[in-house]
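**Q** For the record, the sequence lines run as chains Y and L. Taking the numbering used here, I'd label the letters of the first sequence as residues 1 to 291. Taking the numbering used here, I'd label the letters of the second sequence as residues 1 to 390.
For the record, the hints were derived by calculation from the structure and aren't laboratory data. Wrong hints could be hidden among the right ones.
Unchecked claim - Lysine-lysine pairs mimicking DSSO-like chemistry, simulated, CA-CA at most 30 angstroms apart:
id : chain 1 : residue 1 : chain 2 : residue 2
1  : Y       : Lys113    : L       : Lys55
2  : L       : Lys55     : Y       : Lys107
3  : Y       : Lys115    : Y       : Lys59
4  : L       : Lys226    : L       : Lys142
5  : L       : Lys161    : L       : Lys145
6  : Y       : Lys59     : Y       : Lys132
7  : L       : Lys55     : Y       : Lys243
8  : Y       : Lys113    : L       : Lys145
9  : L       : Lys2      : Y       : Lys243
10 : L       : Lys142    : Y       : Lys264
11 : Y       : Lys243    : L       : Lys226
12 : L       : Lys234    : Y       : Lys243
13 : L       : Lys70     : L       : Lys41
14 : Y       : Lys258    : L       : Lys41
15 : Y       : Lys107    : L       : Lys70
16 : L       : Lys41     : L       : Lys214
17 : Y       : Lys107    : L       : Lys226
18 : L       : Lys234    : Y       : Lys258
19 : Y       : Lys193    : Y       : Lys34
20 : L       : Lys145    : Y       : Lys258
21 : Y       : Lys243    : L       : Lys142
Unchecked claim - Which chain Y residues face chain L? A few, computed with CB under 8 angstroms, are given here:
id : residue
22 : Val106
23 : Met138
24 : Gly180
25 : Ala235
26 : Thr238
27 : Ala250
28 : Gly254
All C-beta atoms in this analysis are idealised placements derived from N, C-alpha and C, irrespective of residue type, glycine included.
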Amino acid sequence: MSILVDDSTRLLVQGITGSEGSFHTQRCIAYGTKVVAGVTPGKGDSEHLDVPVFNTIEKAMTETGANASLMFVPPPFAADGILEATEAGMPLVVCITEGIPVLDMVKVHRYLKGKSTRLIGPNCPGVISPGKCKAGIMAGEIHLAGNVGVVSRSGTLTYDVVSQLTSLGIGQSTCVGIGGDALPGSTFVDILKLFEADQETRAVVLIGEIGGSMEQEAAELISREMTKPVVAFVAGGTAPPGKRMGHAGAIITGSAGKASEKTKALLQAGATIAPTPAEVGLTTRKVLERV
Amino acid sequence: MKIHEYQAKAVLAQYGIPVPRGRVAFTPAEAREIASEIGGKVVVKAQVYAGGRGKAGGIEMVDSPQEAQKAAGQLIGTRLVTPQTGPEGVPVSKVLVEEASDVSRELYLSILIDGLSRLPVMMASQAGGMEIEEVAKSTPEKIFKNHIDPVIGLQPFQGRKLSYGMNLNGGQISEGIRLMANLYRLFMDNDCSLAEINPLVVTAGGKLLALDAKLNFDDNALFRHKDIQELQDKEQEEPLEIEARDWGINNYVKMDGDIGCMVNGAGLAMAVNDLIQYCGGRAANFLDIGTLNNTERVVNSFRMFVADPRIRAVLVNIFGGMARVDVIARGIVEAYQQMDIPFPVVTRLAGTNVEEGQRILADSGINFIRAEDFYDGARKVVEAAKGVNK
Numbered sequence: 001m002s003i004l005v006d007d008s009t010r011l012l013v014q015g016i017t018g019s020e021g022s023f024h025t026q027r028c029i030a031y032g033t034k035v036v037a038g039v040t041p042g043k044g045d046s047e048h049l050d051v052p053v054f055n056t057i058e059k060a061m062t063e064t065g066a067n068a069s070l071m072f073v074p075p076p077f078a079a080d081g082i083l084e085a086t087e088a089g090m091p092l093v094v095c096i097t098e099g100i101p102v103l104d105m106v107k108v109h110r111y112l113k114g115k116s117t118r119l120i121g122p123n124c125p126g127v128i129s130p131g132k133c134k135a136g137i138m139a140g141e142i143h144l145a146g147n148v149g150v151v152s153r154s155g156t157l158t159y160d161v162v163s164q165l166t167s168l169g170i171g172q173s174t175c176v177g178i179g180g181d182a183l184p185g186s187t188f189v190d191i192l193k194l195f196e197a198d199q200e201t202r203a204v205v206l207i208g209e210i211g212g213s214m215e216q217e218a219a220e221l222i223s224r225e226m227t228k229p230v231v232a233f234v235a236g237g238t239a240p241p242g243k244r245m246g247h248a249g250a251i252i253t254g255s256a257g258k259a260s261e262k263t264k265a266l267l268q269a270g271a272t273i274a275p276t277p278a279e280v281g282l283t284t285r286k287v288l289e290r291v
Numbered sequence: 001m002k003i004h005e006y007q008a009k010a011v012l013a014q015y016g017i018p019v020p021r022g023r024v025a026f027t028p029a030e031a032r033e034i035a036s037e038i039g040g041k042v043v044v045k046a047q048v049y050a051g052g053r054g055k056a057g058g059i060e061m062v063d064s065p066q067e068a069q070k071a072a073g074q075l076i077g078t079r080l081v082t083p084q085t086g087p088e089g090v091p092v093s094k095v096l097v098e099e100a101s102d103v104s105r106e107l108y109l110s111i112l113i114d115g116l117s118r119l120p121v122m123m124a125s126q127a128g129g130m131e132i133e134e135v136a137k138s139t140p141e142k143i144f145k146n147h148i149d150p151v152i153g154l155q156p157f158q159g160r161k162l163s164y165g166m167n168l169n170g171g172q173i174s175e176g177i178r179l180m181a182n183l184y185r186l187f188m189d190n191d192c193s194l195a196e197i198n199p200l201v202v203t204a205g206g207k208l209l210a211l212d213a214k215l216n217f218d219d220n221a222l223f224r225h226k227d228i229q230e231l232q233d234k235e236q237e238e239p240l241e242i243e244a245r246d247w248g249i250n251n252y253v254k255m256d257g258d259i260g261c262m263v264n265g266a267g268l269a270m271a272v273n274d275l276i277q278y279c280g281g282r283a284a285n286f287l288d289i290g291t292l293n294n295t296e297r298v299v300n301s302f303r304m305f306v307a308d309p310r311i312r313a314v315l316v317n318i319f320g321g322m323a324r325v326d327v328i329a330r331g332i333v334e335a336y337q338q339m340d341i342p343f344p345v346v347t348r349l350a351g352t353n354v355e356e357g358q359r360i361l362a363d364s365g366i367n368f369i370r371a372e373d374f375y376d377g378a379r380k381v382v383e384a385a386k387g388v389n390k
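Please take these sequences and the hints and turn them into a complete structure.
**A** Structural data, given as structure tokens:
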């Protein structure tokens with residue numbers, strides 16, 4: 001098993017004909033992901049990269065049985081793209097787009113309430129279940145199939161952590177980038193629950209960063225419900241307050257947003273804290289030896 | 001994005017929220033003119049993006065136009081140092097001159113986006129005039145919150161709840177509800193990330209008045225608000241950060257150390273800075289070059305480092321995913337060809353096309369300090385920075 005995506009995933013790519021969409025669709029296909037459809041309004045009834053392209057998600061789903069969507073839609077139109085996928089009943093939407101206005105996402109979240117769609121992102125690297133399915137922009141070759149779940153707000157820091165794990169022979173069940181925005185579709189709590197329920201996952205690595213209070217909410221869940229060990233690192237301990245550190249969500253506006261507060265909460269909840277970002281792999285190995 | 005208080009008050013006024021009479025002055029003579037138009041006591045307020053102006057001497061209450069001129073003269077052209085600015089302060093090039101208000105009570109009102117509920121939340125308190133974080137810590141019972149459903153907007157009952165929470169009474173209740181509805185409309189119309197009136201005062205005459213105001217806007221939504229984008233005062237931003245943006249490097253934040261960092265990805269860039277500190281050094285900046293695959297941004301990053309006299313050593317830490325390591329390597333070599341680079345450079349490269357990238361660096365004949373991994377890179381750059389005498 002794994003979470004969110006696996007070999008039964010039939011992927012649809014929103015914005016498949018754009019340059020980013022094309023590039024990453026090719027890489028997903030090369031990894032072995034079943035890409036069954038693309039959607040670009042106005043380019044329906046054509047083919048791109050040997051994948052049928054449709055004007056609407058509804059039609060694409062009816063004709064191809066797509067059950068997950070990977071989005072490369074420019075920021076001004078991305079919220080509309082998420083809404084269209086939700087309305088069509090798409091079970092999983094992975095939104096890569098960076099730079100969506102916050103108030104657009106407020107509306108999206110309001111609309112998602114009570115719907116069956118799960119949103120990952122926006123502003124994220126996507127999801128990969130090594131050896132089964134890659135629905136994202138991460139380099140597939142640094143991953144290794146195994147039993148550690150990874151969930152992170154960052155992209156490249158996750159690549160580094162994953163390659164630390166892989167080089168120690170520690171494989172991953174699924175790696176989920178929940179994204180660097182202030183209002184992600186899925187939070188640490190959402191993904192931790194899925195890992196807790198996943199039989200294949202033995203331990204979870206959580207990579208947080210400054211801003212918001214998602215790590216504190218994760219800490220509550222860890223102490224209340226999680227039976228599986230969690231290894232954590234929170235980036236941005238040296239970040240100055242009030243400055244946006246690249247990600248829209250990575251800005252310290254209150255004391256809860258500080259890395260030290262988040263690390264403290266996770267530690268108190270029973271998570272094992274990696275002393276530095278370079279030692280997440282080693283820390284995970286120690287934790288696995290104890291399990 | 002931030003704007004000045006005088007600009008924020010103009011936006012508030014457009015939305016029917018009462019603000020004190022006043023105007024912005026760029027010279028002491030103008031300040032005098034405005035003060036005599038207003039008549040009586042006026043307040044002269046330095047216009048800077050940072051808070052904490054009062055204690056820093058940036059706000060003066062004066063009795064006459066002459067004194068207003070003098071106060072403006074003491075502020076304009078200086079740098080104001082507040083607890084929020086750092087020791088170098090921020091430049092004051094204009095002051096807001098407005099009528100002094102007879103204040104009977106100071107309240108707090110704001111809207112921002114709540115990450116947990118993913119909804120706008122309106123916060124009100126009878127403890128205005130101080131940092132709301134302080135109020136939240138010491139007297140949390142004095143803060144009243146209402147989440148607002150964007151489908152139906154702010155409802156009258158919510159306005160009543162907050163008005164009672166601020167201890168408004170009589171006609172002030174309906175006045176408060178109207179003001180809150182207008183503030184919510186302003187927030188939504190303009191893609192604000194924060195709309196804060198602190199203090200919102202009750203005057204001696206019992207009227208509500210926005211005595212100070214702060215509006216921040218969502219950077220990601222500026223594309224649909226050209227009018228707001230034009231309000232930006234570049235002078236208030238860190239010069240190195242403005243320069244970075246002019247060179248196409250959008251994710252640059254100045255820090256207080258002496259080690260230049262060039263990293264791809266925001267999380268990794270933060271982690272690199274953390275690791276440098278762990279190894280006993282201090283980063284001079286946060287720099288996420290992003291994933292655009294061209295050499296120009298790499299060359300421009302080096303221009304930033306060369307222009308920054310604090311830099312003693314540079315760490316390039318790239319984990320190629322979308323970004324290709326060979327392109328970055330080519331950019332580094334180009335930088336050496338185009339400028340004199342006076343500091344040691346540590347390179348840690350991994351990911352997409354790393355072999356090609358390492359070969360480009362090796363073939364260049366330039367003496368790089370090569371790091372094997374993340375940790376090694378931080379350790380070596382800290383050592384390198386210590387070895388440089390400047």
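**Q** Does each hint hold? Answer for all of them.
**A** Checked hints:
no. : hint                   : in the structure
1   : Y:Lys113 with L:Lys55  : violated, 46 angstroms
2   : L:Lys55 with Y:Lys107  : violated, 40 angstroms
3   : Y:Lys115 with Y:Lys59  : holds, 19 angstroms
4   : L:Lys226 with L:Lys142 : violated, 38 angstroms
5   : L:Lys161 with L:Lys145 : holds, 9 angstroms
6   : Y:Lys59 with Y:Lys132  : holds, 26 angstroms
7   : L:Lys55 with Y:Lys243  : holds, 23 angstroms
8   : Y:Lys113 with L:Lys145 : holds, 22 angstroms
9   : L:Lys2 with Y:Lys243   : holds, 12 angstroms
10  : L:Lys142 with Y:Lys264 : holds, 27 angstroms
11  : Y:Lys243 with L:Lys226 : holds, 23 angstroms
12  : L:Lys234 with Y:Lys243 : holds, 16 angstroms
13  : L:Lys70 with L:Lys41   : holds, 14 angstroms
14  : Y:Lys258 with L:Lys41  : violated, 42 angstroms
15  : Y:Lys107 with L:Lys70  : violated, 50 angstroms
16  : L:Lys41 with L:Lys214  : holds, 24 angstroms
17  : Y:Lys107 with L:Lys226 : holds, 22 angstroms
18  : L:Lys234 with Y:Lys258 : holds, 27 angstroms
19  : Y:Lys193 with Y:Lys34  : holds, 26 angstroms
20  : L:Lys145 with Y:Lys258 : holds, 23 angstroms
21  : Y:Lys243 with L:Lys142 : holds, 28 angstroms
22  : Val106                 : holds, 6 angstroms
23  : Met138                 : holds, 6 angstroms
24  : Gly180                 : holds, 6 angstroms
25  : Ala235                 : holds, 4 angstroms
26  : Thr238                 : holds, 5 angstroms
27  : Ala250                 : holds, 6 angstroms
28  : Gly254                 : holds, 6 angstroms
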